[in-house]
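Given two chains presented individually in distinct reference frames, assemble the corresponding complex, making use of the accompanying hints.
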Amino acid sequence: MFQQDARPPRNDGKNLRFLALTLLAVLALAAGPASAARAQAGSSVVASAVIVPAQAADLGFINGAIIREINVNEGDFVKAGDTLASLDTPDLEYAMTAAEAGYRSAQSYAQLQRYRTVKKYDRRGRPYFETEPREVVQRGDAFAARAQASLDAARAVLAMSTLTAPFDGTVAALHARAGELAQPDRPILVLATLDRMQAETTDLSERDIAKIKIGQKAVVFIEALGEEFSARVISIAPRADTLGGDVVFKVTLAFDDQPDGLLWGMTAQATFATH
Amino acid sequence: MKKILLIVMTLTLAACSGLPSSSPTPLPTVSLDPVSQSESTADRLTASGVVVPYREARLSFPAVGRVQSVDVKVGDKVTAGQTLVTLDTTLLEARVREAQTNWDVADIQLRFLQRVGTAEQNLESAKADLERAQALLDSAKAALETQSALLAPFDATVVAVDAVAGETAIPGRAVVTLGDLSKFQVETTDLSERNVTRVKVGQAVEIAVPALGQTFEGRVASVALVSSALGGDVVFAVVIDFVKQPEGLRWGMSADVKIQAK
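Protein chains in written order, with numbering that gives the first Met the number 0: chain A, 0 to 274; chain B, 0 to 261.
Only chain B is shown next, with the shape it has when bound in the complex (with noise of 0.2 Å):
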């Protein structure tokens, strides 16, 4: 009996530690530890990364205003151009037929003294009003383009939305993250300023993805000019582009590469 449950208990630890078996492999976390980068050999530096997409964006208002509408949610797909968030432009609209009126009064005085004629000091001083009220209804009508909708600047995916209609638009809090999710990328982040100088733009990458089970080829694309600080070391984000797009990425998912550095 005793014999037998020691041969289950090493068994069962032999097929946990080794080998695939049934439990999930344990993700490798990022490591702050330098003895992470033992791994990397003389021609071969081995790094954690997060996959990111080519382009993202942090949309938000540059004045305070009331949320109008929120046309898009959490998923959706839009284009350049298109309408994301709009706010209450009440005011701004009121403010725009305003400068218009007062642009049409000047316009008034300046056809009828052209009309009537007078002295050139009239027609200047009348020209010169019109232009007043031009310049301050392009800067009304400039406000009212820039407060009033919140436009997708590339085609993209919609990541985060954090307005609700109703709620108030604060300047510099984002409303709308997008994500170009058709391009990934995958981002070092712990790579040190120990093997940063080995790192070339070009140089064939090998991208573990273990959400996914699989290894893709990829590509040095860029290596950061400036260093982060991850707890007390010193890391450079090195861009990696994949060679091929593979089907699955997600935003945010974890990735473990290996540069072929010199």
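Next comes chain A alone, as it looks inside the complex (with noise of 0.2 Å):
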């Protein structure tokens, strides 16, 4: 902002004005972070800040086995529900089989007892038949009723192979390739909203986040288009970071309007109106 002062001299008072100011600059600099020097201009507060989409999430899988195919590539714009990856596991695929035929197998048990009979034999010595007493068809049902558990228990571990997206967004990052062990700990893909970012501010000191309210107005330069984009602060951090040995607080800003061109990580410069 001294730049604008900082043009070849051209009488006194200019001269006079143009050494002050460096002065008071050069003094501010060595006093304080940067963000303290840009901060005094004025009623405004001025702090850096960086493009982050409005969601990413790093996905993976929750159970350890070898990827046998991923579904996306970099850059792949998905839908909620689409399948992303899948696991090689026989051995819960095998279980979801024999699940299956628990199931059938226990149901029909169950319907059998219904009409199961015991032959008997009255005291002359005829034969009868009586039926079987009603915990017999009662544990049948029970029966039935587990396997279907167990089925359901079964498709709920297979389902875990499946790695399917939570939401509707772009792959922004892939870690892994078909072969490799996925592991719990281990996420294999970022899935981000690139089509909706923010900015967040990485250096907006504590001297100045009482100026800062929710819903203020704020101007984002973004360096890289060489924009100015009006935005609004949507949300403040309530615990403080620490940059170096700077105690900041990040403030998120969203869009008026989407700009086109915004790539995750972008710097940009974030200046807030106060009053």
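These are computed hints drawn from the structure, not numbers from a lab. Glycine included, each C-beta is placed from N, C-alpha and C at the ideal position. Mixed in with the good hints, there may be bad ones.
A short list of chain A residues far from chain B (calculated; beta carbon distances all over 12 Å) [claimed, not checked]:
| id | residue |
| --- | --- |
| 1 | S47 |
| 2 | V49 |
| 3 | Q54 |
| 4 | E68 |
| 5 | Q110 |
| 6 | K118 |
| 7 | P126 |
| 8 | T130 |
| 9 | T169 |
| 10 | F220 |
| 11 | L224 |
| 12 | E226 |
| 13 | T241 |
| 14 | T273 |
Going by beta-carbon spacing under 10 Å, a handful of chain B positions derived as facing chain A [claimed, not checked]:
| id | residue |
| --- | --- |
| 15 | V50 |
| 16 | V66 |
| 17 | A127 |
| 18 | L129 |
| 19 | A260 |
DSS-like cross-link-like pairs, simulated, lysine-lysine; straight-line CA separation at most 30 Å [to be verified]:
| id | chain 1 | residue 1 | chain 2 | residue 2 |
| --- | --- | --- | --- | --- |
| 20 | B | K126 | B | K140 |
| 21 | B | K72 | B | K182 |
| 22 | B | K261 | B | K182 |
| 23 | B | K76 | B | K126 |
| 24 | A | K212 | B | K72 |
| 25 | B | K261 | B | K243 |
| 26 | B | K182 | B | K199 |
| 27 | B | K182 | B | K126 |
| 28 | B | K182 | A | K249 |
| 29 | B | K261 | A | K216 |
| 30 | A | K210 | B | K199 |
| 31 | A | K212 | B | K126 |
| 32 | A | K249 | A | K216 |
| 33 | A | K249 | B | K76 |
| 34 | B | K72 | B | K126 |
| 35 | A | K212 | B | K140 |
| 36 | A | K210 | B | K126 |
| 37 | A | K212 | B | K182 |
| 38 | B | K140 | B | K199 |
| 39 | B | K76 | B | K182 |
| 40 | B | K261 | B | K199 |
Printed below as a string of structure tokens:
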């Protein structure tokens, strides 16, 4: 901001102003972090920011197995529910087949109990048929219900071998390939809403945070695009981070109109209008 | 001309170095240098501190699972018992139903034997089977309960959320951080072992919060029993309560404290 004043002096008055301002700038810079020097510009607060997607998820499998197939490439747009990748888990598939067979068997068994009778003989030696006690039918039904539950469990376990998209988004990064081992603590891809970007401040000092309010208007200058966009504050971190030795708060800004050409990680400068 | 310049420069320097000026005063940074302690006098100890909430909790799941929904966002106020994050519980629910049907079978068997009458040993055996089924059912239900959702342990504000639907919850990795932001305290970061013996609970403290440009009254609430290391220094955390909760405080703001030690 001092560059505007740093033009070659034309007269004594300008010369003096220039010198005084330079001195002030040098002192302020020496005294505090860069943001502090920028923040003194009248009634506005200025902070560096970075462009991030509104939502980003590190997706991975929750069981460890070899990856059979990855169905997407970096940059692909996927819809919620789309299959992203699958694991090679024949044991779980066989278990599923076994559970299905077990369920069918238990169902027929339960049906059979309804018609089962016991052949008995009366005193004269004549045969008659007596139905089984009612508990036999109840037990058959309970077995069928248990087989159903086991089938649901087997299906749930097998479902863990398939990774589906939890929301509409773009595959921003792919960390694994088919044939590699998937592990619960190692996400295999990053799914992000690259069509909905936000700006997050990185160096907004604790000194200025009291001047920032939710809903406040701001101007975000994107260096890569050389353009300014209007935005507003949607979130203020309730807890500070430290940047070097400085205490800073993360403030998140949503654009009024989503600019084209934004990429994740671009640097920006946010100027908050304060009154 | 040169004279004027000189005067302007001197004035500018004077304005910047001493009295309040248009340029912001730099925040005092945490100094590891024991020289900073030299400000401490016989009856006054100075230290740097940080504003912390009265209570905080870093919540995580006890086992691996797939996040089903994240019901809160940063800044939300939650009440004790409120659901914060849920996991996919399809498998655990099926396991509960399996255990329930096993219990049903054991129950039917016992009631049948009781109805038709049988030897005491057979009845005892059936009763034992039912008790075992009950224990397994309780266990499956408990697994479902602890693994299905993350609940707020106390009234608080959501400070950090590190989970998105579809992500994997890893045991021990904090998913939600809560802080009771209705009441703040100050915790010292650089009070040396040399001075800690002079700090007593209840001593009056002057708390300066540069971010607010204000000074508040406080009281020593507790002194750490175990030291921590700051750089090469041995320091003890002293927790200071505000006599009256100030407005506008935020977790992590820096503070300078002057403890009236005797």
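Hint by hint, here is what the structure shows:
1. S47: It holds; S47/A is separated from chain B by about 17 Å at its closest Cβ, greater than 12 Å.
2. V49: Holds, since 17 Å exceeds 12 Å.
3. Q54: With a cut-off of 12 Å, Q54/A comes too close to chain B, as the shortest Cβ separation is near 6 Å.
4. E68: holds, 18 Å
5. Q110: holds, 17 Å
6. K118: holds, 19 Å
7. P126: It holds; P126/A is separated from chain B by about 22 Å at its closest Cβ, greater than 12 Å.
8. T130: The claim stands: T130/A keeps its Cβ more than 12 Å from every Cβ of chain B (closest is about 14 Å).
9. T169: holds, 14 Å
10. F220: Given that every Cβ of chain B is farther than 12 Å from that of F220/A, nearest at about 22 Å, it holds.
11. L224: holds, 28 Å
12. E226: holds, 28 Å
13. T241: Violated: least Cβ distance 8 Å, not greater than 12 Å.
14. T273: holds, 14 Å
15. V50: holds, 8 Å
16. V66: At 8 Å from the nearest chain A Cβ, V66/B passes the 10 Å test, so the hint holds.
17. A127: violated, 18 Å
18. L129: violated, 13 Å
19. A260: violated, 26 Å
20. K126/B with K140/B: holds, 21 Å
21. K72/B with K182/B: holds, 21 Å
22. K261/B with K182/B: holds, 28 Å
23. K76/B with K126/B: violated, 49 Å
24. K212/A with K72/B: Roughly 17 Å separates the two Cα atoms, so the pair holds.
25. K261/B with K243/B: Holds: K261/B and K243/B sit about 23 Å apart, inside 30 Å.
26. K182/B with K199/B: holds, 22 Å
27. K182/B with K126/B: violated, 54 Å
28. K182/B with K249/A: holds, 21 Å
29. K261/B with K216/A: With Cα atoms ~51 Å apart, K261/B and K216/A exceed 30 Å; violated.
30. K210/A with K199/B: Between K210/A and K199/B the Cα gap is close to 37 Å, so the pair fails against 30 Å, i.e. violated.
31. K212/A with K126/B: violated, 65 Å
32. K249/A with K216/A: holds, 16 Å
33. K249/A with K76/B: holds, 18 Å
34. K72/B with K126/B: Violated: K72/B and K126/B sit about 49 Å apart, past 30 Å.
35. K212/A with K140/B: Violated, at roughly 45 Å.
36. K210/A with K126/B: violated, 70 Å
37. K212/A with K182/B: Status holds; Cα separation ~21 Å.
38. K140/B with K199/B: violated, 49 Å
39. K76/B with K182/B: holds, 14 Å
40. K261/B with K199/B: holds, 9 Å
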